[in-house]
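I would like the entire structure built from these sequences, with the hints used as guidance.
Residues per chain, in single letters:
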Amino acid sequence: MLQIEGLTVAYGGIEAVRGVSLDVAEGELVTIVGNNGAGKTTTLMAISGVAPIRSGRIVIDGAETTRLAPHAIVARGVAHCPEGRLVFGRLTVHENLRLGAYQRRDGAGVRQDIDRIYALFPRLLERRTQLAGTLSGGEQQMLAIGRALMSRPRLLMLDEPSLGLAPLIVQRIFSVIRQLHAEGVTILLVEQNAHLALTVADRAYVLETGEVRLAGRAKELIDNPEVRKAYLSQ
Amino acid sequence: MFTPTYVVQQIINGVNLGSMYALIAIGLTIVYGLLRLINFAHGDLMMLGAYLGLLLLSATFTPLLLTLLIPMLVIGFVGVLVERVAYRPLRGAPEVTMLITSLAVSSIIENTMVMSVTAQPRAFTLPPGVNQLHTVAGVSFSTLDMLTVGLSVTLMIALTLYIRTSRTGIAMRAAAENLRAARLMGIDINHVVMVAFFLGSALAAVAGWLWAAKYSTVEPFMGFLPGLKAFVAAVIGGIGVIPGAMLGGYLLGFAEIFFVGFLPPAFSGYRDAFVFALLLIILLIRPNGILGVSTDERA
Chain A
1 MLQIEGLTVA
11 YGGIEAVRGV
21 SLDVAEGELV
31 TIVGNNGAGK
41 TTTLMAISGV
51 APIRSGRIVI
61 DGAETTRLAP
71 HAIVARGVAH
81 CPEGRLVFGR
91 LTVHENLRLG
101 AYQRRDGAGV
111 RQDIDRIYAL
121 FPRLLERRTQ
131 LAGTLSGGEQ
141 QMLAIGRALM
151 SRPRLLMLDE
161 PSLGLAPLIV
171 QRIFSVIRQL
181 HAEGVTILLV
191 EQNAHLALTV
201 ADRAYVLETG
211 EVRLAGRAKE
221 LIDNPEVRKA
231 YLSQ
Chain B
1 MFTPTYVVQQ
11 IINGVNLGSM
21 YALIAIGLTI
31 VYGLLRLINF
41 AHGDLMMLGA
51 YLGLLLLSAT
61 FTPLLLTLLI
71 PMLVIGFVGV
81 LVERVAYRPL
91 RGAPEVTMLI
101 TSLAVSSIIE
111 NTMVMSVTAQ
121 PRAFTLPPGV
131 NQLHTVAGVS
141 FSTLDMLTVG
151 LSVTLMIALT
161 LYIRTSRTGI
171 AMRAAAENLR
181 AARLMGIDIN
191 HVVMVAFFLG
201 SALAAVAGWL
211 WAAKYSTVEP
221 FMGFLPGLKA
231 FVAAVIGGIG
241 VIPGAMLGGY
251 LLGFAEIFFV
261 GFLPPAFSGY
271 RDAFVFALLL
281 IILLIRPNGI
291 LGVSTDERA
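Protein sequence lines, in the order shown, are assigned to chains A and B.
Mapping of the first sequence onto the working numbering: residues 1 to 234, in sequence order.
Mapping of the second sequence onto the working numbering: residues 1 to 299, in sequence order.
It is possible that part of the hints are untrue.
Said to hold, decoys possible - The following label-pair restraints were derived from C-beta to C-beta distances:
no., chain 1, residue 1, chain 2, residue 2, range
1, A, A108, B, L90, 49 to 55 Å
2, A, S21, B, L283, 49 to 55 Å
3, A, G107, B, F262, 52 to 58 Å
4, B, L161, A, L232, 50 to 56 Å
5, A, R111, B, F262, 51 to 57 Å
6, B, Y6, A, G164, 35 to 41 Å
7, B, L161, A, G107, 16 to 22 Å
8, A, Q130, B, P128, 33 to 39 Å
9, A, A166, B, M146, 56 to 62 Å
10, A, T199, B, L90, 45 to 51 Å
11, B, I285, A, G137, 30 to 36 Å
12, B, L161, A, Q171, 41 to 47 Å
13, B, T168, A, A166, 36 to 42 Å
What the hints assert, rightly or not - One side of the interface only, derived from the structure: several residues of chain A facing chain B at Cβ under 10 Å:
no., residue
14, S48
15, G49
16, H71
17, A75
18, G89
19, A101
Since the hints were derived computationally from the structure, they do not count as laboratory data.
Backbone N, C-alpha and C fix where the C-beta goes; we use that ideal spot for every residue, glycine too.
Listed below in structure tokens is the structure:
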């Protein structure tokens, strides 16, 4: 579904990502873990076409997307739920969801999917006419995920969905991630909470200062002494 | 001296002038909201609209409404063209670079007009009847005044509905709030920017026509001062916020008329100084404008 080969991204002279290669197969839940500044977010931004790629190749469904504009990448079925949620605070909850379906032309399907999101997150239904800026952090995260799902993505990228949220809400968000995975949605998950991410993922990549340090089955990485020491503080 | 009739008369004048400021300010604010570009060439599109209107009016067979509609369409596309040629190559450049470029565009348009139609002001002659004065209970207004207010309000309501409910309108508000997040939603920013320039320039063309009609004259530099004042209006209302531009436009129109109408005539020469003083005062109290959002919110 997604293949990245030798991706290097540089802001000015600083390489945030150096020669990263990774792949995600159809239906898989793959996670990228690593510390702050390891290049996780930059990798997702590069896939979405909003980071300055210096070299490397990104292939989605067999077609190269490396130099495509962001809207063309969305058209290939990629949805990006960004770090910090970035919901549109001056738009209502409902408008945010409509925007998630910006490229879709099937009005009936869109309305049906909005109802599906409301069923998934009943809190959003209660607040549908409220401005997104007035929501709590957890509600905003639900909205951001819902908004990303509105494009009916073939690949859903989630960046730090647990960041700054209370444990109960994190549980709720991750149970939704599990559910989506069970429904067959392909997911690329970036998390600082490595333990949580490795518990739900099929496979994982560990990023360190812009490079892939380790890769493998999530279940094996979770028992890897190096990972335990550096990322699971055990 | 300030009889009720006189006050009502001043209010009518204020609405009139405010409508035009509001129409111009909308285009400035939409474009600023999306690109952080202070478009100094905006007033010049207004001027082009007035000239094209005059050209169509001189062809006696053109219906009055078409002399307004055609400039709207044509100047709308001129705005799109200016963005494509002058501003798009600078996307992502520092704000100062874009600002200087817009000054250059303004200068090019103005001087092209000077070369092709001379700097000489020309009479903007309306068909008979449009300047017809009506007097109701001692308050007088012309058919043109009714056209100005009616058309402006109609266009602003239409624009508001479009921005609030249409797919592109929602995308435009989203992009103004957070460009990067909007791109991640699959919004083609170039498309949104194009629509913004079209709408803003079309409204400026209408304002140019109405302005020229009110003062019965056109000249290549007529867009400068209204453009600058409309920018003040947009800032007062909260730049980047469309209802703010409308509010700011009317506020400025009223302030200017009331200043001239209610203070001793000796002060009336200072009306422009007053406008800019008002800007300073409002920004001291509300640095982001009346309906503005603080820049911290904009991630």
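Against the structure, the hints come out as follows:
1. A108/A / L90/B: 49 to 55 Å: With Cβ atoms ~41 Å apart, the hint is violated.
2. S21/A / L283/B: 49 to 55 Å: Distance hint for S21/A, L283/B holds at roughly 52 Å.
3. G107/A / F262/B: 52 to 58 Å: 54 Å Cβ-Cβ, so the 52 to 58 Å window holds.
4. L161/B / L232/A: 50 to 56 Å: holds (54 Å)
5. R111/A / F262/B: 51 to 57 Å: holds (54 Å)
6. Y6/B / G164/A: 35 to 41 Å: violated (60 Å)
7. L161/B / G107/A: 16 to 22 Å: Taking Cβ atoms as reference, L161/B and G107/A lie about 18 Å apart, which means the hint holds.
8. Q130/A / P128/B: 33 to 39 Å: Hint violated: Cβ distance 55 Å, outside 33 to 39 Å.
9. A166/A / M146/B: 56 to 62 Å: holds (59 Å)
10. T199/A / L90/B: 45 to 51 Å: 48 Å Cβ-Cβ, so the 45 to 51 Å window holds.
11. I285/B / G137/A: 30 to 36 Å: Cβ of I285/B to Cβ of G137/A: about 32 Å, so the range 30 to 36 Å holds.
12. L161/B / Q171/A: 41 to 47 Å: Taking Cβ atoms as reference, L161/B and Q171/A lie about 42 Å apart, which means the hint holds.
13. T168/B / A166/A: 36 to 42 Å: Between T168/B and A166/A, where Cβ atoms are some 37 Å apart, the hint holds.
14. S48: holds (6 Å)
15. G49: Result: holds, 8 Å to nearest chain B Cβ.
16. H71: With Cβ-Cβ at 4 Å, under 10 Å, it holds.
17. A75: Hint on A75/A: holds, closest Cβ of chain B at ~7 Å, below 10 Å.
18. G89: holds (7 Å)
19. A101: At about 9 Å, which falls below the 10 Å cut-off, the nearest Cβ of chain B leaves the hint on A101/A intact, so it holds.
Hints 1, 6, 8, counting from the list given before, are not met by this structure.
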